[in-house]
Amino acid sequence: MLTDLLGIPPQVLFGQLMLGLINGAFYAVLSLGLAVIFGLLNIVNFAHGAFYMLGAFATIFITQYLGIGYWGALIVAPLVVGAFGAVIEYFLLRRLTGVDHLYGLLLTFGLALVIEGTFVKMFGASGVPYPVPEQLAGGVNLGFMFLPWYRAWVVVASVAICIATWLLFERTKIGAYLRAGTENPKLLQAFGVNVPLLTTLAYGYGVALAAFAGVLVAPITQVSPLMGSNLIIVVFAVVVIGGMGSIMGAVVTGLAMGVIEGLTRVFWPEASATVIFMVMAIVLVLRPAGLFGKTA
Amino acid sequence: MNSKIGYLVAIALLLVLPFVVYPVFLMKLLCFALFASAFNLILGFGGLLSFGHAAFFGGAGYITGHALKVWGLPTELGILFGALTAGLLGVLIGMLAIRRQGIYFAMITLAMAQMVYFIFVSSDFTGGENGLQGVPRGYALGFIDLQNDLSMYYFVLTIFIVAFAIIARTVHSPFGQVLSAIRDNEDRATSLGYDVDRYKLLAFVLSATFAGLAGGTKTVVFQLASLTDSHWHMSGEVVLMTLLGGLGTIVGPSVGAAIIITLQNYLASGPLGAWVPVVLGLIFVVCVLAFRRGVIGELQAFIRKSF
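Read top to bottom, the protein sequences are chains A and B.
Just so it is clear: in the first sequence, position 69 is 80 by our numbering, and no numbers are missing.
Just so it is clear: in the second sequence, position 153 is 185 by our numbering, and no numbers are missing.
The hints are simulated quantities; they were obtained by calculation from the structure and are not laboratory data.
Bear in mind that the values here come from a model prediction, so they are computed numbers and not experimental data.
What you were told as hints is all true, and nothing was included just to trick you.
No farther apart than 20 Å at their CA atoms in a straight line, the calculated lysine to any residue pairs in the SDA-like style are these:
#: 1; chain 1: B; residue 1: Lys101; chain 2: B; residue 2: Gly166
#: 2; chain 1: A; residue 1: Lys132; chain 2: B; residue 2: Val310
#: 3; chain 1: A; residue 1: Lys132; chain 2: B; residue 2: His265
#: 4; chain 1: A; residue 1: Lys132; chain 2: B; residue 2: Pro309
#: 5; chain 1: A; residue 1: Lys132; chain 2: B; residue 2: Trp307
#: 6; chain 1: A; residue 1: Lys132; chain 2: B; residue 2: Pro303
#: 7; chain 1: A; residue 1: Lys132; chain 2: B; residue 2: Tyr298
#: 8; chain 1: A; residue 1: Lys132; chain 2: B; residue 2: Val308
#: 9; chain 1: A; residue 1: Lys132; chain 2: B; residue 2: Gly305
#: 10; chain 1: B; residue 1: Lys101; chain 2: B; residue 2: Gly160
#: 11; chain 1: A; residue 1: Lys132; chain 2: B; residue 2: Leu295
#: 12; chain 1: A; residue 1: Lys132; chain 2: B; residue 2: Ala300
#: 13; chain 1: A; residue 1: Lys132; chain 2: A; residue 2: Phe72
#: 14; chain 1: A; residue 1: Lys132; chain 2: B; residue 2: Asn297
#: 15; chain 1: A; residue 1: Lys132; chain 2: B; residue 2: Val311
#: 16; chain 1: A; residue 1: Lys132; chain 2: B; residue 2: Ser301
#: 17; chain 1: A; residue 1: Lys132; chain 2: B; residue 2: Gly302
#: 18; chain 1: A; residue 1: Lys132; chain 2: B; residue 2: Gln296
#: 19; chain 1: A; residue 1: Lys132; chain 2: B; residue 2: Ala306
#: 20; chain 1: B; residue 1: Lys36; chain 2: B; residue 2: Val287
#: 21; chain 1: A; residue 1: Lys132; chain 2: B; residue 2: Leu299
#: 22; chain 1: A; residue 1: Lys132; chain 2: B; residue 2: Leu314
Just so you have them, the derived chain B footprint on chain A, three or more residues with Cβ under 8 Å:
#: 23; segment: 114–124
#: 24; segment: 128–141
Partial list, computed: chain A residues near chain B (C-beta under 10 Å):
#: 25; residue: Phe49
#: 26; residue: Ile54
#: 27; residue: Leu103
#: 28; residue: Asp111
#: 29; residue: Asn241
#: 30; residue: Val245
#: 31; residue: Phe247
#: 32; residue: Ala248
#: 33; residue: Glu281
#: 34; residue: Ala284
#: 35; residue: Thr285
#: 36; residue: Ile287
#: 37; residue: Met289
#: 38; residue: Met291
#: 39; residue: Gly301
We put the CB at the ideal spot given by N, CA and C, even for glycine.
Given only the sequences and the hints, what does the whole structure look like? Please build it.
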């Protein structure tokens, strides 16, 4: 086998590939949320990592206090965190309409500091574990690797939510409104559509996507207040690589970057933390608009 | 005329201040004031939001520290070397970042700075989590012992005044005017025949170099170069200082830096110590929502309205 020739046991290679695919799934869902928000608000949501973290913590609280477990949290956490996001849009971000878009980034940066700082104060910087739901405990031996059920579920659920988002945008009336709002909000408003409400919904939906990723990640990592802040910078790089133009672009780029990161961890471990940034630099040199971007 | 008197009063004040206030605190303040002033060059006058300036500040800190501690370079040369290295890094990151505009510029600089941070985390010469400790302060001009805090203070003050003067001169030069024109309307500047990308890159490199000067000086003052200075939190803090003091004003960033550093020092010693990031975040939110001109910007608007 090829893998034996390279001196790497297949378990290691496929294990890292699987891990890369999982990370890629998170990149995809998070960058998709950023793209949805960017489409209507024209801002980069720096607080996206904080909302992802809130999703993970919400999973813990919901399990503890509502007793509806992981599967309940999977529905309730994105709704609650998404509603919180909508409130923030309504009371804070809306005030920045007509101001330079950079202020939106700065405002959400401030929000991220407040949210994460509060959680660090309350729960400490170290993490809280969350168990894998019992229905998805264990795994299957595929011969060349051991596949834990939960990890397979993370990839499937992430891709499913991305496809659902695509269907929402391309096949429903509200999706058509959202796309129209991205193209020309003033004209859409003139047609009698409530664009400010649409904007609030879009922000809430983007935030809910981040929280959904947070629920998915809770059982495979330590849930900690700062889990989102480093991740979001990598996701920004993914967004620069793929461009925020299309949903499919975000998904494909996210998954591909995860796999590339996983492979780097096998063949060149020292570079695994920086490989996505290097890819970003190369893409900027060769194709400044991004792989799926149309304009710079 | 008025501003000249103002600057002379400020310099006189800075000369006597170390007899009243703890000099090390003042030096920290001056380093950050310079850092924010350098940053303002690219954000306030160039209109480009760099979210990666910690890479230049922290990076120069390591280079200066290494040059002084391991190579035994004289203090001035070590600081200069750190600043020039930061400028070189600015060329690399700047060339990539100016290929995109607006928010993409911010994301690219942030990502590149994070990459630099990861390189520092895993390099041997930075000392990893412990930082580069025991950097010698050395002698200024070969004979003034900088181990003395007061001598060190006047050394830092000299660097600050010279650098501040160069930055102010740059802003008022034809180059600075073109830069502001690009900020206000890039297409118009292009149509007037200016090579927009070259101006942006030069501004970015200048800004990076002076940020490096600030970082290198800070390393000498504290005899330590650490990871905190290149973390993205630092990039955010310098944005906050500049915004709070007043984007695109000459003295605003220094005022903003003074407020933030004083606040941090004050909070850190009190019961609110652990809330520092939350307080900074709240100031950020308030600034962006209600106070976009910053302290100096509001003051200028007030004076213009009243007189």
